Each structure stands twice: as structure tokens, then as C-alpha cells.
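**Q** The lines below spell out each chain.
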Amino acid sequence: MSVSTPKERRIILKHADDPKYSNRIGCYLREGGYENLKKAFSMKPEEVGEEVLKSGVRGRGGAGFPAGMKWKFLDRKSGKPIYLICNADESEPGTFKDRQIMYKDPHQLIEGMMITAFAIGAKQAFIYIRAEFHEGARILEQAISEAKKAGFCGNKILDSEYSCDLVIHRGAGAYICGEETGLIESLEGKRPNPRIKPPFFPAVLGLYQCPTIVNNVETLCNVRHIIEMGGEEFSKIGKPNNTGTRIWCVSGQVMKPGYYEFECGSLTLGQLIFDVCGGLRPGRSLKAVIPGGSSAKVLRADERFSGTLKDGTEFDWGLEDIPLDFDGPMAAGSMSGSGGIIVMDDTVDIVEAMANVNAFYAHESCGQCTPCREGSLWMRKISQRMCSGGAREEDADLLLSVAKQIEGRTICAFGEAAAWPTQSFVTKFKEDFIRKATDAPKERDPKSLQLI
Amino acid sequence: MENSLNLSDDTLSKIDEVVPKYPEKRSAALMVIHLVQDELGAIDDVACEWIAGRLELQPINIKELITFYPMLREKPWGRKHVRVCRTLPCALRGSYGTCKTFEEKLGVKEGHVSEDGEYSIEFMECLADCGQGPVVIVDEKTYENIDGKSAEKFADLLIDGKLDESEDFLSYEDSLTQETKN
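One line per chain: the protein sequences are A and B, in this order.
Using the numbering used here, the first residue of the first sequence is number 1, and each one after it goes up by one.
Using the numbering used here, the first residue of the second sequence is number 453, and each one after it goes up by one.
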């Protein structure tokens with residue numbers, strides 16, 4: 001590696017692994033907690049919003065939309081109450097960052113949320129947390145009750161005229177609830193079938209058809225730090241249009257998987273895998289990487305990526321050169337999504353890996369739109385058949401044709417999330433798919449790694 | 453309202469506490485279902501009707517949730533419920549082997565409950581702890597790095613009722629309280 005790997009810069013996870021730090025309010029206050037809430041309450045709500053806009057912070061949930069801009073879209077003319085929802089449904093395969101925040105530093109999230117609630121003038125705020133986080137919900141309940149007693153949340157916050165209750169709402173195991181309009185339906189007590197945009201942009205017609213802001217856990221935590229530093233200062237972290245830090249969650253076949261927080265764009269995918277995560281297991285070589293949660297398009301280890309970046313600079317990267325920020329993986333034809341990086345070495349049967357991902361999307365499709373409900377199911381069936389000795393040479397093209405009929409034909413982005421893995425796996429590893437039909441033994445080697 | 457489900461006072465008071473938190477009663481549906489299911493193990497038609505009545509809804513409004521969300525149940529799981537993550541990051545670290553070991557040791561296939569009602573296994577989708585896979589949740593505790601090999605020992609401890617005392621398998625939740633005792 002020509003350039004030395006930078007050190008982690010922990011802002012959000014500053015205290016996550018400090019053995020002396022606890023998730024109780026006393027500890028949070030000792031570390032300067034809720035001082036930024038006080039600072040925000042000394043400002044006008046719209047000034048808080050301006051700072052967030054200036055910071056350039058982009059949403060950490062997957063789409064990477066600028067949070068300050070999202071807030072600007074709020075319909076304030078309708079006179080309807082405004083709601084704030086924290087999306088804590090963390091369920092994109094490969095992602096496990098929000099868990100660390102909520103279990104280990106819940107008050108950081110509550111402070112970020114109450115600052116946000118004040119800025120947007122929310123009447124009530126919710127944390128929609130996935131139900132598998134049993135203890136996480138209890139930790140947050142405890143933290144909220146501590147915050148209420150101290151006057152940081154609930155009635156007349158910091159003795160001001162502003163009140164905002166914060167309620168924990170548990171999901172029940174459905175991935176689609178991470179999609180913001182599906183989440184809203186779920187919070188209304190219905191099946192989480194996503195709503196069509198337009199007209200149902202949450203900022204205009206959200207919870208109970210009222211203006212609603214839905215932000216990810218990590219995004220809301222960033223708000224606290226934006227107020228501390230000021231939007232201008234925050235925007236100097238990372239790179240233009242890719243500000244702040246990001247928590248990269250590395251999983252799969254590396255020596256040291258885990259969560260690592262770095263300034264946006266400060267290191268490459270190669271540095272993360274080979275230096276920070278200690279590389280692959282002895283004797284293995286890299287086969288593929290999924291850079292942004294399982295719905296992101298897979299990258300092939302020997303692929304080359306070239307083109308022109310938004311700022312006009314030309315690039316010609318190998319997989320290891322891809323800068324880790326929002327725009328880098330995007331320029332390489334994939335996305336940084338939720339920051340979940342899944343690493344696969346040469347022991348992986350690529351058709352099985354795709355079959356595993358397809359089984360996930362088939363299970364999680366809400367069933368509302370026909371192309372997704374039927375298509376995801378057929379992609380699972382075809383890829384499972386391929387892995388159980390029934391592969392045919394034409395299956396690769398058949399899979400591509402099914403995927404193409406899902407993409408762009410559904411109410412929400414789940415259609416793309418289900419189609420992209422198949423499209424990228426089949427296109428980039430076509431020889432593996434053909435070989436499955438021509439050369440593969442009909443029986444699995446019992447010693448091989450089973451993925452489906 | 454009549455307590456036809458014989459719910460405990462604790463559950464009833466928790467329900468009374470959670471419903472008014474929402475601007476609309478229907479929003480409390482999932483939370484109320486969780487509370488009832490935690491006590492009864494599942495939501496049958498009688499429970500559906502009771503919850504619907506409590507929230508001024510039709511039973512179908514509850515039934516449609518029970519039949520949609522993976523964690524909501526019409527029939528209870530076993531007394532010890534083992535969840536194993538199936539999704540790619542855990543599979544890449546051997547979760548298919550983990551699940552197989554549990555099936556053999558506990559004598560029940562994934563998706564099913566053992567005949568004596570003691571154990572059930574669910575080979576389920578991503579549990580959001582992918583860095584330390586294979587991930588296993590027993591009841592409400594999360595255990596990490598349970599590959600096929602350690603799953604044998606893990607299952608033995610579970611069967612002997614000694615998992616909680618074991619130093620080899622400290623759950624994510626317990627490691628947290630250990631770290632944060634001060």
C-alpha cells in the first residue's frame with residue numbers, strides 16, 4: 001500500500017468500547033452530555049436547521065440524502081402536527097452499527113433526537129426499533145425515563161415552552177419496516193406496505209398523513225455533534241459532499257470483522273479490508289465484496305472501475321482503490337448504502353452466495369407489488385435449484401430477465417434491492433453460473449461452505 | 453373490559469400504560485400484541501378478538517398483523533426458542549453448520565417445535581450483529597461466533613440449563629452490563 005492507512009476517528013462511537021463508560025445518564029452527563037441540547041435551545045429552531053444544512057450531513061440509513069434538505073421539505077403550511085421518527089429498524093444484512101449506539105450510548109441518540117425535534121417543531125417523536133433488540137428497547141426506555149426526570153425530554157424541556165414526548169415502538173421482524181413509508185404504516189398499526197411517492201413523501205404526508213421526518217439512528221446522533229461543532233466546522237470533516245465520519249460494518253471472511261468509524265473518504269476499501277480488518281484468512285484470496293449492505297451491487301475483486309467523478313476528476317480504480325465515502329462506491333457502480341461491507345474469499349461458491357441473498361429478499365418482500373412478490377420468489381427458486389444439482393446454462397439469462405422485470409416496477413425501492421444482487425452477481429460472474437450447469441458435481445462436497 | 457384471556461395484572465397495567473402514548477389507538481397494536489404474546493406465547497383467535505376490542509378495532513386488523521410479521525405467532529414456540537441467523541454474513545462464517553448442529557442436538561428441525569414442547573429452532577433472517585457471526589439468540593439473549601463446533605458445546609449447556617452460568621458463552625447483553633457496572 002503506497003499511502004499509510006489513517007487512524008479511526010471516532011465521533012459517534014467515541015465511548016462505545018470504553019469499559020468505564022455506561023449507558024446511564026450520570027455517565028453521559030459527566031462527559032458533557034445534553035450541553036448541546038442546551039445550546040440548541042438557546043438558538044432559534046430554524047437556526048438549528050441551518051447548521052444541519054450547512055454541515056452537509058447525508059443520511060446514514062442507505063439512500064444518503066442530505067438530512068438538512070429533508071428537513072427543509074417539511075410542509076409547515078398545513079398547520080398539521082409534525083412528527084419525528086428515528087428509524088432504528090436496522091435490518092439491512094451486513095449492518096450492525098445502530099445496535100452499538102443504542103445499547104452502549106443511548107443518550108447520544110436521545111440528545112440528537114430532542115435537538116432535531118426542537119428544530120423541526122415536532123409534536124411527538126418515536127423510535128421504531130426492531131423487535132429482536134429486546135434489551136436495546138429496555139435500555140432506551142430506561143434512558144428516556146432518565147432524560148425525562150432531568151428535563152431533557154417530555155414536558156417543558158429545559159423549562160422552555162417546548163414539550164415533546166419520545167416513545168419507543170417495537171417492530172416485529174419485518175425488513176420492509178426499514179423503508180420509511182412502510183415504517184410509517186407499521187407505526188400506524190397496519191401491515192407495512194410501503195406508500196407510493198408522490199404523493200406520500202413523509203415530509204408532507206407521513207404519519208397520520210401529517211408532515212413527518214424519518215431519520216436513521218446514526219444521522220440523528222450526528223445532529224448532536226453538528227450543534228457542538230457548528231455546521232461549518234462539521235463540514236470540514238471528510239470531503240465535500242461526503243461530510244462527517246461513517247461507521248463501516250465489516251463482515252464475512254476477514255480476520256477482524258467489526259465496526260470502524262473513519263472520516264468519509266479518508267481510506268480505501270483495500271485499506272479497510274487488508275489493514276484495518278487484518279486481511280483475509282491465510283492462503284485465501286479475495287473474490288468479491290458487497291460494499292453497502294446486501295442490496296448493493298457486488299464488486300468483483302479483479303474488476304476495474306473508470307469514469308469521471310462529479311467534480312470532474314477522472315478515475316481508474318481497482319476494487320482496493322475505491323474511496324470509502326458516499327460517492328466512491330457509487331462511482332464504482334454500486335453504493336455505500338448503510339455501510340455494511342460483506343467480504344467473500346475464494347472459497348465462496350458465488351452462485352450459492354447469490355442464492356442466499358435471493359432467499360432473503362423472497363422472504364422479506366411485503367407482497368404488495370406483483371413484480372417483486374412473484375419475481376423475488378422465482379429468483380429464489382431458480383437459484384436454489386441451481387445449487388441443488390439442477391442448474392441449466394440458460395438459467396443465468398433467465399435470472400437476469402426476472403430481475404429486469406422487477407427493477408423500476410415497484411412502489412418502493414425494495415424492488416431494486418431485490419434485483420440488484422442478481423443483476424450484478426450474474427453479469428459479473430457469468431462463468432461461475434455457466435460452470436454450475438456444465439461442470440459442477442450434482443452432490444455438494446460435505447466439506448464445502450454451505451450458503452443455501 | 454373483560455379479562456377473557458386471564459392476563460396478569462402486570463401485563464394489563466403495561467397495556468394500559470402503552471395505549472395512551474399514541475395519538476391513535478390503532479398505533480399501539482404491535483406493542484399490545486407483543487405484551488400479550490410475551491405472556492401467552494402466541495396470539496390465537498380469542499386473543500385477536502380481545503386485542504381488537506381493547507383498541508376498538510376489528511379482529512381482522514389484528515389477525516392481518518399476526519399473519520404478516522415474522523415474530524408474531526399463532527402457535528407458541530418451544531419453552532426454549534433458539535434463533536440462528538441464516539443471512540449471508542453469518543452463512544459465510546458457517547451458520548448453516550450451526551443450525552444443523554442445533555437440529556441434531558435438540559432433536560427438532562428448524563421452523564418446528566420439539567414434541568415435548570421444550571425446544572424450537574428458527575433459522576431466520578439477519579439479526580444485525582453480522583461482525584460476530586454466526587449469531588444465535590436464545591430467548592432474548594444474543595450469542596456471537598457460534599460456529600458448528602462451538603454450537604455442540606453450546607447446545608449441551610443449553611440442554612443442561614447451564615448456559616447462563618457458562619463463562620465460555622457470554623451474551624452480547626451480559627457483556628454490556630459487565631463492561632458498564634461502574
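Careful, some of the hints might be misleading.
[To be verified] Partial selection, computed: residues in chain A whose CB lies under 10 Å from chain B: (1) R99; (2) F133; (3) H169; (4) Y259; (5) S294; (6) L309; (7) T313; (8) F315; (9) V343; (10) D346; (11) G389; (12) R392; (13) L398; (14) S401; (15) Q405.
Treat the hints as calculated values from the structure; they're not laboratory data.
Since the model is a prediction, treat every value here as computed from it, not as a measurement.
The C-beta atom is built at its ideal place from N, Cα and C for all residues, glycine as well.
**Q** Against this structure, judge whether each hint is valid.
**A** Hints versus structure:
1. Because the beta carbon of A:R99 sits about 5 Å from the nearest beta carbon in chain B, less than 10 Å, this interface hint is met.
2. The closest approach between the C-beta of A:F133 and any C-beta of chain B is roughly 8 Å, which is under the 10 Å cut-off, so the hint is satisfied.
3. Because the beta carbon of A:H169 sits about 7 Å from the nearest beta carbon in chain B, less than 10 Å, this interface hint is met.
4. Satisfaction of the interface hint for A:Y259 is found here, the shortest Cβ-Cβ separation to chain B being roughly 6 Å, below the 10 Å cut-off.
5. With its C-beta approaching chain B no nearer than about 6 Å, A:S294 sits inside the 10 Å limit, and its interface hint holds.
6. Taking 10 Å as the C-beta contact cut-off toward chain B, the hint placing A:L309 at the interface is violated, the least distance being around 30 Å.
7. With its C-beta approaching chain B no nearer than about 33 Å, A:T313 sits outside the 10 Å limit, and its interface hint is violated.
8. This hint is violated: A:F315 has a C-beta 28 Å from the nearest C-beta of chain B, more than the 10 Å allowed.
9. A cut of 10 Å between beta carbons decides the hint on A:V343: the least distance to chain B is about 8 Å, and the hint holds.
10. Taken as an interface hint, A:D346 does not check out: its beta carbon lies about 13 Å from the nearest beta carbon of chain B, beyond 10 Å.
11. At about 17 Å, the closest approach between the beta carbon of A:G389 and any beta carbon in chain B exceeds 10 Å, and the interface hint on this residue is violated.
12. The beta carbon of A:R392 is not positioned within 10 Å of any beta carbon in chain B (closest approach about 24 Å), and the interface hint is therefore violated.
13. Hint on A:L398 is violated. Least Cβ distance to chain B is approximately 22 Å, over the 10 Å limit.
14. Taking 10 Å as the C-beta contact cut-off toward chain B, the hint placing A:S401 at the interface is violated, the least distance being around 24 Å.
15. Nearest Cβ of chain B to the Cβ of A:Q405: about 24 Å, over the 10 Å cut. The hint is violated.
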